[in-house]
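As given, the protein sequences belong to chains Y, G, Z and D, one line each in that order.
For the record, in the first sequence the residue sitting at position 191 is 191 according to our numbering, with numbers rising by one throughout.
For the record, in the second sequence the residue sitting at position 364 is 364 according to our numbering, with numbers rising by one throughout.
For the record, in the third sequence the residue sitting at position 240 is 240 according to our numbering, with numbers rising by one throughout.
For the record, in the fourth sequence the residue sitting at position 103 is 103 according to our numbering, with numbers rising by one throughout.
It is possible that part of the hints are untrue.
Unchecked claim - In the BS3-like style, the derived pairs of lysine-lysine whose C-alpha atoms are separated by at most 25 angstroms in a straight line are:
#, chain 1, residue 1, chain 2, residue 2
1, G, Lys252, Z, Lys174
2, Z, Lys371, G, Lys252
3, Y, Lys254, D, Lys189
4, D, Lys67, Z, Lys81
5, Z, Lys67, D, Lys81
6, G, Lys305, Y, Lys67
7, G, Lys67, Y, Lys81
8, Y, Lys67, G, Lys174
9, D, Lys159, D, Lys186
10, Z, Lys252, G, Lys186
11, Y, Lys252, D, Lys189
12, Z, Lys67, D, Lys254
13, Z, Lys42, D, Lys252
14, Y, Lys42, G, Lys81
15, G, Lys254, Z, Lys94
16, G, Lys94, Y, Lys94
17, Z, Lys186, G, Lys371
18, Y, Lys174, G, Lys371
19, D, Lys94, Z, Lys94
20, D, Lys67, Z, Lys305
21, Z, Lys305, Z, Lys174
22, Y, Lys305, G, Lys305
23, Z, Lys305, D, Lys186
24, Z, Lys252, G, Lys189
25, Y, Lys189, D, Lys254
26, G, Lys67, G, Lys174
27, Z, Lys254, G, Lys189
28, D, Lys371, Y, Lys371
29, D, Lys252, Y, Lys189
30, G, Lys67, Y, Lys305
31, G, Lys42, Y, Lys81
32, Y, Lys305, G, Lys174
33, D, Lys174, Z, Lys305
34, Z, Lys81, D, Lys42
35, Z, Lys174, D, Lys252
36, D, Lys94, D, Lys42
The set of hints was computed from the structure by calculation and includes no laboratory data.
4 protein chains.
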Amino acid sequence: MEDFSRREFLQKTAVGAAAVSIAANQSGARQAQPAVQPPPTKQLGYAIVGIGRLSIDSILPALTTTKSSRLTALVSGHPDKAQHFAQLYGVPEKNIYNYQNFDRIASNPDVDVVYVVLPNSMHPEYTIRAAQAGKHVLCEKPMCTSVADAQFMIEACRKAGKQLMVAYRLHYEKYTIEAIERARTKIGKIGMFDAEMTFVIGDPTQWRLDRTLAGGGCMMDIGIYCLNGARYIIGEEPVSVFAQSWSYDPAKFKEGVEQNISFVLKFPSGAVANCFASYGAAGMNRYRAAGPGGWVEMDPSFTAKANLILRYTEDGRVVTAPASTVDQFETEIDAFSDAILQGIPNPSPGEEGLRDTRIQMACYESAFTGKVVSLITN
Amino acid sequence: MEDFSRREFLQKTAVGAAAVSIAANQSGARQAQPAVQPPPTKQLGYAIVGIGRLSIDSILPALTTTKSSRLTALVSGHPDKAQHFAQLYGVPEKNIYNYQNFDRIASNPDVDVVYVVLPNSMHPEYTIRAAQAGKHVLCEKPMCTSVADAQFMIEACRKAGKQLMVAYRLHYEKYTIEAIERARTKIGKIGMFDAEMTFVIGDPTQWRLDRTLAGGGCMMDIGIYCLNGARYIIGEEPVSVFAQSWSYDPAKFKEGVEQNISFVLKFPSGAVANCFASYGAAGMNRYRAAGPGGWVEMDPSFTAKANLILRYTEDGRVVTAPASTVDQFETEIDAFSDAILQGIPNPSPGEEGLRDTRIQMACYESAFTGKVVSLITN
Amino acid sequence: MEDFSRREFLQKTAVGAAAVSIAANQSGARQAQPAVQPPPTKQLGYAIVGIGRLSIDSILPALTTTKSSRLTALVSGHPDKAQHFAQLYGVPEKNIYNYQNFDRIASNPDVDVVYVVLPNSMHPEYTIRAAQAGKHVLCEKPMCTSVADAQFMIEACRKAGKQLMVAYRLHYEKYTIEAIERARTKIGKIGMFDAEMTFVIGDPTQWRLDRTLAGGGCMMDIGIYCLNGARYIIGEEPVSVFAQSWSYDPAKFKEGVEQNISFVLKFPSGAVANCFASYGAAGMNRYRAAGPGGWVEMDPSFTAKANLILRYTEDGRVVTAPASTVDQFETEIDAFSDAILQGIPNPSPGEEGLRDTRIQMACYESAFTGKVVSLITN
Amino acid sequence: MEDFSRREFLQKTAVGAAAVSIAANQSGARQAQPAVQPPPTKQLGYAIVGIGRLSIDSILPALTTTKSSRLTALVSGHPDKAQHFAQLYGVPEKNIYNYQNFDRIASNPDVDVVYVVLPNSMHPEYTIRAAQAGKHVLCEKPMCTSVADAQFMIEACRKAGKQLMVAYRLHYEKYTIEAIERARTKIGKIGMFDAEMTFVIGDPTQWRLDRTLAGGGCMMDIGIYCLNGARYIIGEEPVSVFAQSWSYDPAKFKEGVEQNISFVLKFPSGAVANCFASYGAAGMNRYRAAGPGGWVEMDPSFTAKANLILRYTEDGRVVTAPASTVDQFETEIDAFSDAILQGIPNPSPGEEGLRDTRIQMACYESAFTGKVVSLITN
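Here chain Y stands alone, though its shape is the one from the complex:
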């Protein structure tokens, strides 16, 4: 229902008063009511590259409620789809691009940021083309599928003088941030961290099961949640990893596309993270960090839809925070815009993505060799 004050009510019913018997004190005074906050003086314009489920379900809707960001362009290989969503969200015809004419975006002043929402192995190309077109880049995670690509991407943005942010939306999620804070202040020495991210993958023809597009199997796409979560919550860089990967269905999971992976990270302080990702286990996504002062847990922890639940111990009791109703993409996108507008570095730059990529590659090495892989660099 509309947020009415009594005076507004009286104004509104002034005309219709005869229609039904509502007692109304007629009032002639009319005032402009600034009931909607004026938009910020500056909203950055976003071009979304790739109109798949993530864009349709989450990113485009989020851009109707962002504060310092708004949708201004769409980039897609499907003209119909682009047309449909341009109309629904008020994107002008001229701001629709395809993969061929994408580079022309350089001359479009409506676009400040390019958000790359493509299969993993396409991230480098579009990040680099966007940077070369003079745009800031928000790149979905995993950042890419090799350490070299990550370095190229960072370098391209650096050269262009543009910001690069990897879309680690959980870095901007209030419960995850609180979990980290609690881990540091209440738990004491974290002994254990464990995390799982799993689902049973469907359609065998999807890009996630294509090594060329995905860069691997479940480690790339969902294992990264456990990995990044472990580093983020523990607040240290791991010194070694031991990983084991396997598949039960070789017809569906081709060479280099693991169905399951278990990996164990060792941290300098002593903490160990036991992680598990799978395309073959029923949907789970959760983590828990525990130490002498208790534990903190999120379950679900990694989904984009806004029902993350934070639980933790306090004085031996379990506290459950209400399911989050915050739109994670709105928060993430505005955080990037705000960093750009304020001219300060964003909190999850390319270097953060590079660190995960490097460890993902080390997991593959460990799984291949059967040996513990050191992550210490000189």
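Mind docking chains G, Z and D on chain Y? Use the hints.
Below, chains G, Z and D without anything else, positioned relative to chain Y:
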């Protein structure tokens, strides 16, 4: 990430292949990919009357994903607000109305349905004006604040040959429907139903605390959830009610605007519903129905945001369904459009609203007299 | 495993050291290790009257761990049963009584307290006989089945100069006590209290379904939990009650033995308690009190087995205390003994039982007349 | 309350009828009422060796409700303690032994089984002495602290022609058994198993922190739950293990007594178990097994107190079984007695303990060398 097949990937990277070293098998074949379902041949156009929190947070966003319904007009007393949301959701300038010129909507072919999202006591006026303008009406609940108004509203729509639906969104919510089904098939004779809907109300100047606008206190605005839930789940019409209402803060809760109400409904089969609504108790919304075969519960049960949780017993164990992620307004609005398009009655017509209004009035009578009030009519 | 210090270990292995190769530093010094706390200087002796499920499953075991109480006598109509449990719990042959020779207990110095664990309507006889035999009395709840009986019981104990305590074990249960404390300090004005206690009753020949023995139906045996809980948590005496009772199966639930009862209590502060008891709904036992500062809940709340769970809100989050592992009977029995030993009144004397009995009778009156019954006395 | 039939009631009140006005139909007929099941024709007699917390809190009480087992002797180094509990549980003076005269138990026909409840490294000595005394042996877990000891224990019992059972009480726990069944029938290929067992250890002088008595740190005492759980739920023998152990407090956790351990087991089918045990993290005990068909979880999973909770997915919903109220020790002890009485092997013999001991030792090897240790034997 976009839902790519391998072929699409190859097409898309064809142009950008030089930019970064991604192995790409160039393919010249290009095909239109109907990846977005074509919209239904007919989408009904909706005019939203009242742009308050409910419209902004829930109804306008829902209309971007409805199948047989779309937003085509806005009616508001705030030109700025109307302008802002018209732009964001692509409503043409000409389809913005205010409360004075609202009746001109009669001649606008873009509008099939008027959705009344105003304070309770304004529902009759705008429902009747909309019907007289030849539009179907979706009216927020409570339908109105007196039995006579409900009857006028029903009559006006009947005369106009237009459908009237009361926006009982839970009648269209999958878990609520399942709860009813379970209550009927698994629980056996329902002995007990209990329900609570409470929150601590803030701003003392809001319309909910103005008897002229709200028609009463918490019974009108949130007690209706417990009441409608009891009737809906038990599947019978109550034969008597005993209610007690009271307030702790007479400065905030004026005469006729109860802060708290407890009401007990007796049903023909014997079942009793214990209900409680409050503007003075911390946020709760839940119900449970129990009988020899177990119980079924929803907690939260009444909120519009999509995290309703269904729990029930089965073989002595408790089954918890995953938190709902369905948009309740999308479902409700499309259900109305579908009924209109198919020329069949909608499931929650004015008569359903009238029944609740009548019992709400009986609650007030019981609370006033201190006696049990019969609901049996001859 | 035994709580060993290293020294003890060495002592113990001194002899067996040759048997297996455990390095052991032989030590000749042997010391009395007061590892078990010496029993308190005084433990009161208890005679249990009635060896049914409650005694067998809960009360007899509890008396092996009580601090200021111990089992010294058994009273039963079944000699075999009495024999069996006397042997298992070390009760001497001479301290076994039956219902005929029970009064001889007067001359038995081993017995300080008689714990009456019989069907409801037998409580008065055995309470009075016990008091006349010069023993303190712990009487199971409900105290009795009429106001007059309650008064006789109180009077008999008063005349004998002996304490009478009604076995409201939840008055001694830590989470219930915390719930009360929270209700008073954190919730603010309690608006709503609701409670349910239900189970599907089995054997139709049991005494609970015999009006002569039980004094009524579910109101007597389990409704009392909701009733006492409401008074205890809210901390006031109700001013009126409205009750409705009914049965679905007249063959099983004879006249005067209600299967279901709903009752609504009104309290002086304004608070309302919605309560429900049933022999025909699947097992539930829970309550919740809510006010502006949040809510406190126990679910399960009333069972004797030690898994009560306390939940409450704090800063908008839900705190769950670990399931209680405290033996409720142990706590209750020792609380009575301690009161006697210290010569102070016990916290749940006959007067407390009388209050509940009076309200139980008023519930029956309301259910019979269909009217609200005042509980105000002059 | 005693389980009364109406006739019993009448009998009982016959004598006391004059005392209070209870209508009673006098009945002269008296019948022996076999209301307690006659004990089984044969109950095996148990000697408990070691009267520490586990014995006091769990094992002695359990022996008052066991069906085919009863307490007949106590073995302790503390005469006072032995005296106290002998009296409380009706153990005759002559059946109290100390560690010196323990071997005389050979000639005591009251004792069929010796239950060894001592620090880990004392298990071999007392198991072997008991077997040599001609008694069956129930030995607490971990069975012992070296593979050689386990073999000696098995051999000693074999030579004596007596059964040896390791007290894996969860092998006899209904929810654990159901979890296994569900894992095999519903989950499909188990991908992931994870388990944690942790608590913050207190008193630094306790035997658990003494390498000589405990045989190691948390791996021995609580890691065994995760290890045995993994093998038991997955139903296979692991082929390799990778373990990492560490301590934060070297003053408290001496050389060879790890505070924390993480170990990862690989199984022939591909499944991986991530396990974590700690004396330095707040109390957790849980496990989950997941595969394409869903997951099954217990949390808490390992505690002796009877509140284990089983949860699992079914059709995408989570089913929660009511907290177990079964006494795990009662079940375990009777299972051993029944096996002996029926002359069939018990389900958790010495060989089962040996398997865990061997893997525990491999964990230590892996943690020491930093390498994966193969568990494959030829």
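Evaluation of the provided hints:
The suggested pairing of lysine 252 of chain G with lysine 174 of chain Z is violated, with an alpha-carbon distance near 37 angstroms, which exceeds 25 angstroms. About 32 angstroms separates the Cα atoms of lysine 371 of chain Z and lysine 252 of chain G, which puts this hinted pair outside 25 angstroms; it is violated. Taken as a hint, the lysine 254 of chain Y and lysine 189 of chain D pair is honoured in the structure, with Cα atoms around 18 angstroms apart against an allowance of 25 angstroms. For the proposed pair lysine 67 of chain D and lysine 81 of chain Z, the alpha carbon gap of about 16 angstroms is at most 25 angstroms, so the pair holds.
Taken as a hint, the lysine 67 of chain Z and lysine 81 of chain D pair is honoured in the structure, with Cα atoms around 16 angstroms apart against an allowance of 25 angstroms. Simply put, lysine 305 of chain G and lysine 67 of chain Y have alpha-carbon atoms about 21 angstroms apart, close enough for the 25 angstroms limit, and the pair holds. With a CA separation close to 16 angstroms, the supplied pair lysine 67 of chain G and lysine 81 of chain Y stays within the 25 angstroms bound. Distance hint between lysine 67 of chain Y and lysine 174 of chain G is unfulfilled; the C-alpha atoms sit about 33 angstroms from each other, more than 25 angstroms.
Restraint check for lysine 159 of chain D and lysine 186 of chain D: the C-alpha separation of about 42 angstroms exceeds 25 angstroms, so the hint is violated. For the suggested pair lysine 252 of chain Z and lysine 186 of chain G, the alpha carbons sit about 21 angstroms apart, so the restraint of at most 25 angstroms is met. At roughly 15 angstroms between alpha-carbon atoms, lysine 252 of chain Y and lysine 189 of chain D fall within 25 angstroms of each other, so this suggested pair holds. For a cut-off of 25 angstroms, the pair hint linking lysine 67 of chain Z to lysine 254 of chain D is broken: about 38 angstroms separates their Cα positions.
Simply put, lysine 42 of chain Z and lysine 252 of chain D have alpha-carbon atoms about 40 angstroms apart, too far for the 25 angstroms limit, and the pair is violated. Using a Cα cut-off of 25 angstroms, the hinted pair lysine 42 of chain Y and lysine 81 of chain G holds, with the two alpha carbons roughly 19 angstroms apart. Using a Cα cut-off of 25 angstroms, the hinted pair lysine 254 of chain G and lysine 94 of chain Z is violated, with the two alpha carbons roughly 72 angstroms apart. Pair hint lysine 94 of chain G plus lysine 94 of chain Y holds up; C-alpha atoms about 24 angstroms apart against a cutoff of 25 angstroms.
With a C-alpha separation of about 33 angstroms, the suggested pairing of lysine 186 of chain Z with lysine 371 of chain G is violated against the 25 angstroms cut-off. Annotation: proposed proximity of lysine 174 of chain Y to lysine 371 of chain G is violated, straight-line Cα distance about 50 angstroms (limit 25 angstroms). Taken as a hint, the lysine 94 of chain D and lysine 94 of chain Z pair is honoured in the structure, with Cα atoms around 23 angstroms apart against an allowance of 25 angstroms. A distance of roughly 21 angstroms separates the Cα atoms of lysine 67 of chain D and lysine 305 of chain Z; the hinted pair therefore holds under the 25 angstroms criterion.
Between lysine 305 of chain Z and lysine 174 of chain Z the alpha-carbon distance is near 14 angstroms, which keeps this suggested pair within the 25 angstroms criterion. Taking the CA atoms of lysine 305 of chain Y and lysine 305 of chain G, the gap is about 12 angstroms. The hint holds against a cut of 25 angstroms. Proposed proximity of lysine 305 of chain Z and lysine 186 of chain D is contradicted: the alpha carbons are some 32 angstroms apart, above 25 angstroms. A C-alpha spacing of about 15 angstroms is found between lysine 252 of chain Z and lysine 189 of chain G, which places the hinted pair at or below 25 angstroms, so the restraint holds.
Among the hinted pairs, lysine 189 of chain Y with lysine 254 of chain D is consistent with the structure: their alpha-carbon atoms are about 18 angstroms apart, no more than 25 angstroms. Between lysine 67 of chain G and lysine 174 of chain G, the direct Cα distance comes to roughly 17 angstroms. Compliance with the 25 angstroms bound is thereby established for this hinted pair. With a C-alpha separation of about 18 angstroms, the suggested pair lysine 254 of chain Z and lysine 189 of chain G falls inside the 25 angstroms cut-off, and the hint holds. Proposed proximity of lysine 371 of chain D and lysine 371 of chain Y is supported: the alpha carbons are some 7 angstroms apart, at most 25 angstroms.
Using a Cα cut-off of 25 angstroms, the hinted pair lysine 252 of chain D and lysine 189 of chain Y holds, with the two alpha carbons roughly 15 angstroms apart. Distance check on the hinted pair: lysine 67 of chain G and lysine 305 of chain Y sit about 21 angstroms apart at the alpha-carbon level, within 25 angstroms; holds. With a C-alpha separation of about 19 angstroms, the suggested pair lysine 42 of chain G and lysine 81 of chain Y falls inside the 25 angstroms cut-off, and the hint holds. As the CA atoms of lysine 305 of chain Y and lysine 174 of chain G are separated by approximately 19 angstroms, the hinted pair is consistent with the 25 angstroms bound.
Only pairs whose Cα atoms come within 25 angstroms are accepted, and lysine 174 of chain D paired with lysine 305 of chain Z is accepted, the gap being roughly 19 angstroms. Between lysine 81 of chain Z and lysine 42 of chain D the CA atoms are separated by roughly 19 angstroms; this keeps the pair inside 25 angstroms, and the hint holds. Taking the CA atoms of lysine 174 of chain Z and lysine 252 of chain D, the gap is about 34 angstroms. The hint is violated against a cut of 25 angstroms. Between the alpha carbons of lysine 94 of chain D and lysine 42 of chain D the distance comes to roughly 22 angstroms, so the proposed pair stays at or under 25 angstroms and holds.
Comparing the model with each earlier hint shows violations of hints 1, 2, 8, 9, 12, 13, 15, 17, 18, 23, 35; every other hint is respected.
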